[in-house]
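The listed protein sequences correspond, in order, to chains E and Z.
Under the working numbering, the first residue of the first sequence is numbered 1, with each subsequent residue one higher.
Under the working numbering, the first residue of the second sequence is numbered 1, with each subsequent residue one higher.
In short, the hints are calculated from the structure, not lab data.
All clues stand as given, with none of them false.
As a list, the in silico DSS-like pairs of lysine-lysine whose alpha-carbon atoms are at most 27 Å apart:
hint, chain 1, residue 1, chain 2, residue 2
1, Z, K205, Z, K140
2, E, K299, E, K2
3, Z, K165, Z, K140
4, E, K205, E, K165
5, E, K206, Z, K268
6, Z, K205, E, K268
7, E, K7, E, K299
8, Z, K140, Z, K289
9, Z, K289, Z, K165
10, Z, K268, E, K140
11, Z, K206, E, K268
12, Z, K299, Z, K8
13, Z, K140, E, K268
14, Z, K140, Z, K206
15, Z, K165, Z, K206
16, E, K268, E, K165
17, E, K140, Z, K140
18, Z, K268, Z, K165
19, Z, K2, Z, K299
20, E, K205, Z, K268
21, E, K165, E, K140
Remember, it's a predicted structure, so these values are computed and weren't measured experimentally.
2 protein chains.
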Amino acid sequence: MKAAYIKKTGPPEAIEYGDLPDPVAGPGQVLIRCEAVAVNPIDTYIRSGTIAMDLPQPFIVGCDLAGTVVEVGEGVSGLRTGDRVWSTNQGLLGRQGTFAELAAVDADWVYPTPDGVESTTAAACALVGVTAHLGLSRVKLRAGEKLLVIGGTGGVGSMVVQAAKALGAQVIATAGSDEKCQRAEALGADYTINYHTDSIAEETKKLAPEGIHVLWETRREPDFDLAVDVLAHRGRMVLMAGREARPEFPVGPFYVNELSVHGVVMFKATPDQMRTAADDINDWLTDEKLQPHIGRVMKLSEAAEAHRLQEQATLQGENCLSGKIVLEI
Amino acid sequence: MKAAYIKKTGPPEAIEYGDLPDPVAGPGQVLIRCEAVAVNPIDTYIRSGTIAMDLPQPFIVGCDLAGTVVEVGEGVSGLRTGDRVWSTNQGLLGRQGTFAELAAVDADWVYPTPDGVESTTAAACALVGVTAHLGLSRVKLRAGEKLLVIGGTGGVGSMVVQAAKALGAQVIATAGSDEKCQRAEALGADYTINYHTDSIAEETKKLAPEGIHVLWETRREPDFDLAVDVLAHRGRMVLMAGREARPEFPVGPFYVNELSVHGVVMFKATPDQMRTAADDINDWLTDEKLQPHIGRVMKLSEAAEAHRLQEQATLQGENCLSGKIVLEI
Numbered sequence: 001m002k003a004a005y006i007k008k009t010g011p012p013e014a015i016e017y018g019d020l021p022d023p024v025a026g027p028g029q030v031l032i033r034c035e036a037v038a039v040n041p042i043d044t045y046i047r048s049g050t051i052a053m054d055l056p057q058p059f060i061v062g063c064d065l066a067g068t069v070v071e072v073g074e075g076v077s078g079l080r081t082g083d084r085v086w087s088t089n090q091g092l093l094g095r096q097g098t099f100a101e102l103a104a105v106d107a108d109w110v111y112p113t114p115d116g117v118e119s120t121t122a123a124a125c126a127l128v129g130v131t132a133h134l135g136l137s138r139v140k141l142r143a144g145e146k147l148l149v150i151g152g153t154g155g156v157g158s159m160v161v162q163a164a165k166a167l168g169a170q171v172i173a174t175a176g177s178d179e180k181c182q183r184a185e186a187l188g189a190d191y192t193i194n195y196h197t198d199s200i201a202e203e204t205k206k207l208a209p210e211g212i213h214v215l216w217e218t219r220r221e222p223d224f225d226l227a228v229d230v231l232a233h234r235g236r237m238v239l240m241a242g243r244e245a246r247p248e249f250p251v252g253p254f255y256v257n258e259l260s261v262h263g264v265v266m267f268k269a270t271p272d273q274m275r276t277a278a279d280d281i282n283d284w285l286t287d288e289k290l291q292p293h294i295g296r297v298m299k300l301s302e303a304a305e306a307h308r309l310q311e312q313a314t315l316q317g318e319n320c321l322s323g324k325i326v327l328e329i
Numbered sequence: 001m002k003a004a005y006i007k008k009t010g011p012p013e014a015i016e017y018g019d020l021p022d023p024v025a026g027p028g029q030v031l032i033r034c035e036a037v038a039v040n041p042i043d044t045y046i047r048s049g050t051i052a053m054d055l056p057q058p059f060i061v062g063c064d065l066a067g068t069v070v071e072v073g074e075g076v077s078g079l080r081t082g083d084r085v086w087s088t089n090q091g092l093l094g095r096q097g098t099f100a101e102l103a104a105v106d107a108d109w110v111y112p113t114p115d116g117v118e119s120t121t122a123a124a125c126a127l128v129g130v131t132a133h134l135g136l137s138r139v140k141l142r143a144g145e146k147l148l149v150i151g152g153t154g155g156v157g158s159m160v161v162q163a164a165k166a167l168g169a170q171v172i173a174t175a176g177s178d179e180k181c182q183r184a185e186a187l188g189a190d191y192t193i194n195y196h197t198d199s200i201a202e203e204t205k206k207l208a209p210e211g212i213h214v215l216w217e218t219r220r221e222p223d224f225d226l227a228v229d230v231l232a233h234r235g236r237m238v239l240m241a242g243r244e245a246r247p248e249f250p251v252g253p254f255y256v257n258e259l260s261v262h263g264v265v266m267f268k269a270t271p272d273q274m275r276t277a278a279d280d281i282n283d284w285l286t287d288e289k290l291q292p293h294i295g296r297v298m299k300l301s302e303a304a305e306a307h308r309l310q311e312q313a314t315l316q317g318e319n320c321l322s323g324k325i326v327l328e329i
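The following block holds chain E by itself, in its conformation from the complex (with noise of 0.2 Å):
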């Protein structure tokens, strides 16, 4: 088969394109061919080093899937060869990644797709959507309820709106331009703050003179100068990104408020969490409450140039490519 795969880690360059030989089904796995992959930022934290971790050798990128089951293996009940279906979570934790026409992949992380749903959709909602509902349900995010989201269209910013709306909170969603606000609002925000003309602080305390909720942070330096500033009593902060980031903490106002911050990685949570998760998930996909942002498709072949894509838009944020890049297959 065709894969993307590393030999080493390094830069995107150390992704090698070529044949692998064929995976097969092992006990509790299903044999899937891949339709759609989606590049996340941890894959290139995982192909470059940065995130350490036990790698199969040679390591195919990738963590998310979309496609049809092939071959099942011995043991696995509820999944037959010609099922479409999604994962994510894979490429992590020593287990093989998702970039190649074949994956062989544990049942027990492997999601039916719902009828009419695209596979490059799918594979584009799987991490960040499972991500987004995590940290959600990490928060007793709570219908009526308002969450400020900052970063309002990136990759899991945009699955947090669309899920907090079908979870029946109010969104405050930000982001770096008018047409962006203008996406988050299609996406289903209630309000949005253009953060490069105003004040997050100051919009949304005219906008929840009371406080929010639940605050999302995806910002690589995480203010929680803002967080103690717009929560209310009791608020929630979700932490996801800045692995380098070693901002003050304004520990008075943060205790004297009762808040609580919350650090989220998908890659820690267990199969019955994550099955959850998808549950939700393929009912929003079904009821079209939720929707990917895909910002360019791509060819499986050009993985290392995805990866440079990708690297580039986390770093450089919002004058770069925005939404998630698909490789098809």
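Given chain E, put chain Z in place with the hints provided.
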């Protein structure tokens, strides 16, 4: 009645000792003849104006009391003249304080003093015991979990050690001398670390190689690097001090390990939350699972000196008075 009060915020000498009109039990209140009151760091912040709150004029200082009901207001059920009771959360958010011969307190905030428990004991356990209970409830400490408390012989710290043991946790406590380590062990700590002679992080990792579940920080400069170093996956940290602190926050290891930080402050608790805490505290006092460490017993007329001693202990830590200051009336 005699009372210790201020006419305006200021240094300890702003506290006057003299006669004020006797209060009466309004609707929903009881009038309590105070037998003992305790000093807490927050008392000094309110007196100095560091925490700005609306204050009655004149303002009687103090949050905690224990004494006997001498009058029952209209509409109060469950409390009778002659009942021995304790209370906390007074002198806050516009409520009058407790450092007086008589205090009119909403029955919502009044709890029975168990038989055999002295008023000095009840007063000394009030705010600190409730704070420990609220924090441990907030992070849902479970039996069998490992808790590390920084400052295990301090006002709140010594309550955390005992409450965590009563809840079935394993407790590691730090203290600043071998003598204090012995005191923490006498309170029930399974292990102690003398932070003057040993590294908290290294010793904790030896004692809990899989990581600890709850870190209770009591210092005025909370240490988030220690937190990410010693907490297990999904470990929780309690923050309850450090009004002026702005330490650096290591975002990457925090979110990758899905940690959480929870701010806790007693004066934001509802009467229901307080009563749940008070019920458990009364059970623990009855079963002798909870004992205060009283460092000094003084007279109500010495309130200003008591504030001076408390400030010294808060600011300079272990070289000063250790243990609660209780005033007898």
